[in-house]
Amino acid sequence: MPVALVIVMALIQNNTFREFQETRIDVLFVDEDRNALSGNIEGSFQASPNIHLIKTESGKPLTSEAARQLVQRGDYQAAIIIPAQATVTLRKKTKQAVDELFAYYGFGPAIPANDSPAVELQLLFDPAIKANYKQALTSAVEKMVTGVQAEWLTDTIQEQFGGTEPKKKIKIDFSRMIHVNQMIAAENTQSGLAINAVQHNVPAWSMFAMFFILFPLAGNFIKEREEGSMLRLRLISGSQFPVISGKFIFYLFVCLLQLVSMIGVGLYVMPVIGLSKLVLGTNGLGVVLTGLAVAMAATGYGLLIAVYFRTPQQALSFGSISVVILAALGGVWVPTFAMPQIMQSISPYSPLNWGLEAFNDLFLRNASTSVILPDLVKLVCFSLVTLAASVLIYKSRTVS
Amino acid sequence: MSTAPIIHVSGLTKVYQGSLKPAVDQLSFSVLEGEIFGLLGPNGAGKSTTLMMLCGLLKIGAGTIQVFGLDVNREGAEIRRQIGVAPQDIALFPNLTARENLIYFCRMYGLKRHVIHGVVHHYLEAFGLLDKVNMRVSHFSGGMKRRLNLIAALLHHPRLLVLDEPTTGVDVQSRNMILDYMKKLRMEGVTILYSSHLLEEAEKLCSRFAIIDEGRLIAAGTLAEMLAANGGGENLEQLFLHLTGKGIRD
Chain S
1 MPVALVIVMA
11 LIQNNTFREF
21 QETRIDVLFV
31 DEDRNALSGN
41 IEGSFQASPN
51 IHLIKTESGK
61 PLTSEAARQL
71 VQRGDYQAAI
81 IIPAQATVTL
91 RKKTKQAVDE
101 LFAYYGFGPA
111 IPANDSPAVE
121 LQLLFDPAIK
131 ANYKQALTSA
141 VEKMVTGVQA
151 EWLTDTIQEQ
161 FGGTEPKKKI
171 KIDFSRMIHV
181 NQMIAAENTQ
191 SGLAINAVQH
201 NVPAWSMFAM
211 FFILFPLAGN
221 FIKEREEGSM
231 LRLRLISGSQ
241 FPVISGKFIF
251 YLFVCLLQLV
261 SMIGVGLYVM
271 PVIGLSKLVL
281 GTNGLGVVLT
291 GLAVAMAATG
301 YGLLIAVYFR
311 TPQQALSFGS
321 ISVVILAALG
331 GVWVPTFAMP
341 QIMQSISPYS
351 PLNWGLEAFN
361 DLFLRNASTS
371 VILPDLVKLV
381 CFSLVTLAAS
391 VLIYKSRTVS
Chain C
1 MSTAPIIHVS
11 GLTKVYQGSL
21 KPAVDQLSFS
31 VLEGEIFGLL
41 GPNGAGKSTT
51 LMMLCGLLKI
61 GAGTIQVFGL
71 DVNREGAEIR
81 RQIGVAPQDI
91 ALFPNLTARE
101 NLIYFCRMYG
111 LKRHVIHGVV
121 HHYLEAFGLL
131 DKVNMRVSHF
141 SGGMKRRLNL
151 IAALLHHPRL
161 LVLDEPTTGV
171 DVQSRNMILD
181 YMKKLRMEGV
191 TILYSSHLLE
201 EAEKLCSRFA
211 IIDEGRLIAA
221 GTLAEMLAAN
231 GGGENLEQLF
241 LHLTGKGIRD
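Top line first, the protein sequences correspond to chains S and C. Counting along the first sequence from 1, when you hit position 162 you're at 162 in the working numbering, and nothing is skipped either side. Counting along the second sequence from 1, when you hit position 195 you're at 195 in the working numbering, and nothing is skipped either side.
Quick caveat, the hints were computed from the structure, so don't treat them as lab data. Virtual Cβ for every residue (Gly too), placed ideally from N, Cα, C. Check the hints yourself; a few may be wrong.
Quick partial rundown of chain S residues pointing at chain C, CB under 7 Å, derived from the structure [claimed, not checked]: (1) Glu227; (2) Gly228; (3) Ser229; (4) Leu231; (5) Arg232; (6) Leu235; (7) Ile236.
Using 25 Å as the maximum straight-line C-alpha spacing, the simulated DMTMM-like pairs for lysine to aspartate or glutamate come out as follows [said to hold, decoys possible]: (8) Lys395/S <-> Glu78/C; (9) Lys171/S <-> Glu142/S; (10) Lys134/S <-> Glu57/S; (11) Lys93/S <-> Glu159/S; (12) Lys223/S <-> Glu165/C; (13) Lys132/C <-> Glu227/S; (14) Lys60/S <-> Asp26/S; (15) Lys204/C <-> Glu33/C; (16) Lys204/C <-> Asp180/C; (17) Lys55/S <-> Glu65/S; (18) Lys395/S <-> Asp71/C; (19) Lys183/C <-> Glu165/C; (20) Lys112/C <-> Glu188/C; (21) Lys59/C <-> Glu227/S; (22) Lys59/C <-> Glu224/S; (23) Lys130/S <-> Glu120/S; (24) Lys395/S <-> Glu75/C; (25) Lys247/S <-> Asp89/C; (26) Lys59/C <-> Glu226/S; (27) Lys247/S <-> Glu100/C; (28) Lys55/S <-> Glu120/S; (29) Lys132/C <-> Glu224/S; (30) Lys223/S <-> Asp89/C; (31) Lys223/S <-> Glu100/C; (32) Lys183/C <-> Glu200/C; (33) Lys93/S <-> Asp115/S; (34) Lys395/S <-> Asp89/C; (35) Lys169/S <-> Asp155/S.
Please construct the entire structure, taking both the sequences and the accompanying hints into account.
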């Protein structure tokens, strides 16, 4: 079941974690301008691998009203509407700006002020569209318009200097002036990896499933208590520590087996079903230590629940809800950085957060063991505290 | 039978949390080495509470219990090493087989690996369970469970055996087997503290008794001593009813 959980969650969240650049969406394109500006925007988008422009509906050119209805119905996520006369208006406004500039510095006659309205390009969005898609599409359109404006501005300036023949004008390629490079910061020389559904879901849900070890652990522990076998162990002389530690070691092994299975699924099954392959980073020892520390914390917590509660109903209902809360706080569902400030301040108290941070450091940032050490220490301390509390409670209940 | 007390209970008192009335109230009695001692009383008299305190499973409210001269409060672990307990409730792993249960308990008792097989075989044979050795305990009859429950208390050859209603809910055959084995153990020098509702069975088996009611000791000694001290009667049951009354208990 934990393996199925990891696969299902990774599949469900695959698109959520994919960047805008990694996906291809259909965008309606309404060209009421039919001129240079709309042609420029259309040409740029058609060269983009992420946007597929749709200009017709049922063989007819799209109108702005039809586009609005299609987006409103949720058939498409976005529409770009270039209004009529957009090119003419923008050219006029560009020329006006250059004329004003020249006049200001005394290179031309003073001209009357012109407060004609700005060109209004419209981007319509489906309310359900992801914010990053919306942002990316808006930025892309703005970037294209800025490029067109810059080109027209240099054209107009050259015309002011008398360069009216197109062959004599200089073309300035603004795109070659500055590049914005995206890189993932990583500790080691190898570059890091951006988070995706597999990189997030495999460690996150593996830990969630590991903490759910409390179900079989508490269930069996209380069952043994109710069936009487625990009474036999209490009647046998000696420390109660072997009874508790025996259960701890067994379920620790189960947790580790679970983690290994789920990492195996990330490595070998997920690529087969169309997801990314899990990348474990470069610190194998760190992964082993983190897995062990998380397994210890999960088993310790399960044991404490098992020992503390007297009935399976109490243990399992409290245990499951508490694990869900710890998982939510820890960033299993929503990454910590996306949480409200108050939740971000609580999140570092969840053992699942310590584990997830350590796994993210290892998998995404190629961190060394010293970087993850504070999280490992917290997990091991949590485990020791819960184990000690379990032994004390068990002992106190032995003679009550 | 030696006259040295192997168990000495003095002024034992226990009040459960939330209860005003003590479950055990100033109880005192002694069990001599090598005897079968019957702890008798109606339902709710405090027998099981007394036995649980004696085994260290329940904190003593007041008074003392000494077993082998050791104090239960301070040296409970050492005492448990030398006693075998067959509690009223079956204390076995139902999903394990008889052999698996006994091997596991042998290991918990610290028996050496090379003797475990022999010990397990010996008791399974003695209690007629050898052919059921690989059957899960959950599939056992009530009588078989009782016998296995008793075996689990004997694996480490205890000096003292504490049996809380060991024949409850078993058929005559199983009961006779258990009682015969108890007699055999007494012959071997094992002291047995035995609690039961079955007065006829207790009368045949025990050399001395303590009858308690509402947590208090109301009679103690041999049957003859108790009959003489309480105005006669013919047997243990008549004496018991005389002392505890005929009213129904919860």
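For each hint, the structure was consulted:
1. Glu227: Because about 6 Å separates Glu227/S from the closest Cβ in chain C, which is inside the 7 Å limit, the hint holds.
2. Gly228: OK, holds: Gly228/S within 7 Å of chain C, min 4 Å.
3. Ser229: holds (4 Å)
4. Leu231: holds (4 Å)
5. Arg232: holds (4 Å)
6. Leu235: holds (5 Å)
7. Ile236: holds (5 Å)
8. Lys395/S <-> Glu78/C: This hinted pair holds, its Cα atoms lying about 16 Å apart.
9. Lys171/S <-> Glu142/S: holds (21 Å)
10. Lys134/S <-> Glu57/S: Holds, because 23 Å separates the two Cα atoms, which is no more than 25 Å.
11. Lys93/S <-> Glu159/S: holds (15 Å)
12. Lys223/S <-> Glu165/C: holds (23 Å)
13. Lys132/C <-> Glu227/S: Holds, at about 20 Å.
14. Lys60/S <-> Asp26/S: holds (17 Å)
15. Lys204/C <-> Glu33/C: holds (19 Å)
16. Lys204/C <-> Asp180/C: This hinted pair holds, its Cα atoms lying about 11 Å apart.
17. Lys55/S <-> Glu65/S: holds (13 Å)
18. Lys395/S <-> Asp71/C: holds (18 Å)
19. Lys183/C <-> Glu165/C: holds (16 Å)
20. Lys112/C <-> Glu188/C: holds (23 Å)
21. Lys59/C <-> Glu227/S: Holds, at about 22 Å.
22. Lys59/C <-> Glu224/S: holds (22 Å)
23. Lys130/S <-> Glu120/S: holds (23 Å)
24. Lys395/S <-> Glu75/C: holds (15 Å)
25. Lys247/S <-> Asp89/C: holds (23 Å)
26. Lys59/C <-> Glu226/S: Roughly 20 Å between the alpha carbons, so the hint for Lys59/C and Glu226/S holds.
27. Lys247/S <-> Glu100/C: holds (17 Å)
28. Lys55/S <-> Glu120/S: holds (19 Å)
29. Lys132/C <-> Glu224/S: holds (22 Å)
30. Lys223/S <-> Asp89/C: Holds. Lys223/S to Asp89/C sits at ~14 Å (cutoff 25 Å).
31. Lys223/S <-> Glu100/C: Measuring from Cα to Cα gives roughly 18 Å; hence the hint holds.
32. Lys183/C <-> Glu200/C: Holds. Lys183/C to Glu200/C sits at ~15 Å (cutoff 25 Å).
33. Lys93/S <-> Asp115/S: holds (9 Å)
34. Lys395/S <-> Asp89/C: holds (21 Å)
35. Lys169/S <-> Asp155/S: With Cα atoms ~7 Å apart, Lys169/S and Asp155/S stay inside 25 Å; holds.
Consistency with the previously given hints is maintained throughout, with no hint failing.
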